[in-house]
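From first to last, the protein sequence lines stand for chains B and A.
Heads up, the first sequence is in the numbering used here, so the first residue is 1 and it goes up one at a time.
Heads up, the second sequence is in the numbering used here, so the first residue is 1 and it goes up one at a time.
Wrong hints could be hidden among the right ones.
Between beta-carbon pairs, the in silico distance windows are [claimed, not checked]: (1) A:Pro-253 / B:Glu-49: 37 to 45 Å; (2) B:Leu-249 / A:Trp-51: 38 to 46 Å; (3) B:Ile-20 / A:Ala-20: 32 to 40 Å; (4) A:Ser-252 / B:Pro-62: 23 to 31 Å.
If we take Cβ atoms under 10 Å as the criterion, some of the chain B residues that face chain A in the derived model are [what the hints assert, rightly or not]: (5) Gly-33; (6) Ile-120; (7) Ser-122; (8) Phe-131; (9) Leu-201.
Please keep in mind that the hints were generated in silico from the structure rather than gathered at the bench.
Glycine residues also receive a C-beta, built at the ideal position from the N, C-alpha and C atoms.
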Amino acid sequence: MNLLKQLRRGHTSDTIFAVIALLFGLSILVIMGGIIVQLWLQSSEARSEFGWSFLWSAAWSPPNDEYGALTFIYGTLVTAFMAVVLAGPVGVGIAAYLVEIAPVRVNQIVGFIVELLAAIPSIVYGLWGFFTLAPFLGDWVVPPLQAVLGWTPLFSGTFFGPTVFTSGIVLAIMILPTVAAVSRDVIRAVPRDQREGMLALGATRWEMFRYAVLPYAGSGVLGAIILGLGRAAGETMAVTFIIGNVPQLFYSLFDQGATLASIIAGQFPEAGGILLSVLIELGMVLFIITILINISARFMVALLSKRPTGGVRA
Amino acid sequence: MSNLLQTSSRYRRRKFVDRAMTVLAYACTMLAIVPLAWIIIYVIIKGLGAWDVQFFTQLPQLFGDGGGVRNGIVGTLEIVGLATLMGVPVGVMAGIYLAEYGDNRLGSLIRFMADTLTGVPSIVVGLFAFGVVVAATGGFSAFAGAVSLAILMIPVITRTTEEIVRLVPNSIREASLGLGVSRWKTIMRVVVPTALSGILTGVLLAVARVAGETAPLILTILGTNFPISRNLFNGPSTTLSLQIYQLGRQPSPQVVEVAWGAALLLVLMVLGISIAARLIFKGQGISARG
Numbered sequence: 001m002n003l004l005k006q007l008r009r010g011h012t013s014d015t016i017f018a019v020i021a022l023l024f025g026l027s028i029l030v031i032m033g034g035i036i037v038q039l040w041l042q043s044s045e046a047r048s049e050f051g052w053s054f055l056w057s058a059a060w061s062p063p064n065d066e067y068g069a070l071t072f073i074y075g076t077l078v079t080a081f082m083a084v085v086l087a088g089p090v091g092v093g094i095a096a097y098l099v100e101i102a103p104v105r106v107n108q109i110v111g112f113i114v115e116l117l118a119a120i121p122s123i124v125y126g127l128w129g130f131f132t133l134a135p136f137l138g139d140w141v142v143p144p145l146q147a148v149l150g151w152t153p154l155f156s157g158t159f160f161g162p163t164v165f166t167s168g169i170v171l172a173i174m175i176l177p178t179v180a181a182v183s184r185d186v187i188r189a190v191p192r193d194q195r196e197g198m199l200a201l202g203a204t205r206w207e208m209f210r211y212a213v214l215p216y217a218g219s220g221v222l223g224a225i226i227l228g229l230g231r232a233a234g235e236t237m238a239v240t241f242i243i244g245n246v247p248q249l250f251y252s253l254f255d256q257g258a259t260l261a262s263i264i265a266g267q268f269p270e271a272g273g274i275l276l277s278v279l280i281e282l283g284m285v286l287f288i289i290t291i292l293i294n295i296s297a298r299f300m301v302a303l304l305s306k307r308p309t310g311g312v313r314a
Numbered sequence: 001m002s003n004l005l006q007t008s009s010r011y012r013r014r015k016f017v018d019r020a021m022t023v024l025a026y027a028c029t030m031l032a033i034v035p036l037a038w039i040i041i042y043v044i045i046k047g048l049g050a051w052d053v054q055f056f057t058q059l060p061q062l063f064g065d066g067g068g069v070r071n072g073i074v075g076t077l078e079i080v081g082l083a084t085l086m087g088v089p090v091g092v093m094a095g096i097y098l099a100e101y102g103d104n105r106l107g108s109l110i111r112f113m114a115d116t117l118t119g120v121p122s123i124v125v126g127l128f129a130f131g132v133v134v135a136a137t138g139g140f141s142a143f144a145g146a147v148s149l150a151i152l153m154i155p156v157i158t159r160t161t162e163e164i165v166r167l168v169p170n171s172i173r174e175a176s177l178g179l180g181v182s183r184w185k186t187i188m189r190v191v192v193p194t195a196l197s198g199i200l201t202g203v204l205l206a207v208a209r210v211a212g213e214t215a216p217l218i219l220t221i222l223g224t225n226f227p228i229s230r231n232l233f234n235g236p237s238t239t240l241s242l243q244i245y246q247l248g249r250q251p252s253p254q255v256v257e258v259a260w261g262a263a264l265l266l267v268l269m270v271l272g273i274s275i276a277a278r279l280i281f282k283g284q285g286i287s288a289r290g
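I would like the entire structure built from these sequences, with the hints used as guidance.
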């Protein structure tokens, strides 16, 4: 009787193991919950002092203890969008090359190179961007750009190296692996029949990609780009090193600015009192922005896997 | 006749667009390789210039010749090692849970949260570690930095472990269970060893990822130009990554040169670990496919 019971339940040790594994699994929920609670509690001083208007106030004056998040939200969004505008098309181009054109051997090598690009530490990008890329841009990229587009407010003023513009380009390089890798996986997941059907109709490779592959993989590719946006928004060290950390609502990309992440990293070591609480609230704003971006990106990538895998596109 | 001509000119145009797009795809790929080569070559050239005996044996000096990064090398090993000790068991076990017991609502929730945690900016994780360790214990410490790095490692290890463990064919599990081996022994003695090389790859990639992290460390270990604190739980420490940030902003070119040296050392470390991870998986990874 006892034996039967045990057989049905399995060994006691099995139950113990399952519970231990469950506890470790739950630890991820605990960490996530802990982050939220911690940010909320530690920012209470700033929240009660400034209320909701903190979010749309552009004030930043430590001597008067006046603080607002607007300049940093603005800086974060502008740099992240600039990165995505540059890296999005290139990343999708790499993915298209890897899936549709490259032979297996080249595919592995390029895939490896792209992964190395992702492995380089963010601070090294910062150092390189500050000392190498910024002077290069000043010599070779900015003069022609200003000759053509200098009349727009976006490219007005004098370029002096470490600016929003340089940050955006470095961010674009940094998120390129994410965009390329995720869209490669998404494009690879498009069923063969889609391609073969289009080719059988006499389409060229580009037409096949444009009309049979892209529409199928569309939401996933968009998801990959949005995932890149999330990474760019949360990227800290490279931007802190390059953007100048000046809290202002810049018009020109050739100005200096600051992002949520960069102001936290830049001010935290010297911060005390209410400024500490303000920085943690900025961290909470950043947390919410990146979470929203990431969840919507994952949702879009997941949409694709729900598509029928047969030859017909629903 | 004219119809035929028309089609053929149209065909030529389609062919041309096809070619142009192919070239464009090539160009995109080249565009990714250029910055990588540029960064690596530049870091090697600038970094090698800073490498001499004192670079490895001395402490940083903000004046004069810049000194070396001995404390950063020790600190990096110490903090990344401690983070690995804390993060790996949690990440691997959580991954085993998801793969073996996670086909339910709770499993999906944990999986979703792990993915979300992967996307949380490292500086936010640093703020968390500041709150729970630094503010609670009353001071910056190597331990606080290690906690933040461990948190960054956990979701990465969890998801790769889950994926690899899922790859282990069910026939292997069934064979073991059929012999009367209990489930937990099947998992620990049969499934995990089969997936071991893959798990190790995931662990190494996670270690490589956090070894270069800087942002959370500013908030937790503070950084120092003096010997790092002997006490892991109290007193400022430093790492190579943090030194690149702090020395790279100094006005003196000699000090900045030391930062380049540290960058080269860090890049070699991180790329070395990433490449080792790939090689391990290449050599053994197929064993997971029965």
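Here is what the structure says about each hint:
1. A:Pro-253 / B:Glu-49: 37 to 45 Å: 43 Å, holds
2. B:Leu-249 / A:Trp-51: 38 to 46 Å: Roughly 44 Å apart at Cβ, these two residues keep to the hinted range, so it holds.
3. B:Ile-20 / A:Ala-20: 32 to 40 Å: Check failed, 59 Å falls outside 32 to 40 Å.
4. A:Ser-252 / B:Pro-62: 23 to 31 Å: Since the Cβ atoms of Ser-252 of chain A and Pro-62 of chain B sit about 28 Å apart, the hinted range of 23 to 31 Å holds.
5. Gly-33: 9 Å, holds
6. Ile-120: Interface hint status for Ile-120 of chain B: holds (6 Å vs cutoff 10 Å).
7. Ser-122: 7 Å, holds
8. Phe-131: Holds: closest Cβ of chain A sits about 8 Å from Phe-131 of chain B, inside 10 Å.
9. Leu-201: Not OK, violated: Leu-201 of chain B not within 10 Å of chain A, min 13 Å.
Hint check: violations occur at hints 3 and 9; the rest are consistent with the structure.
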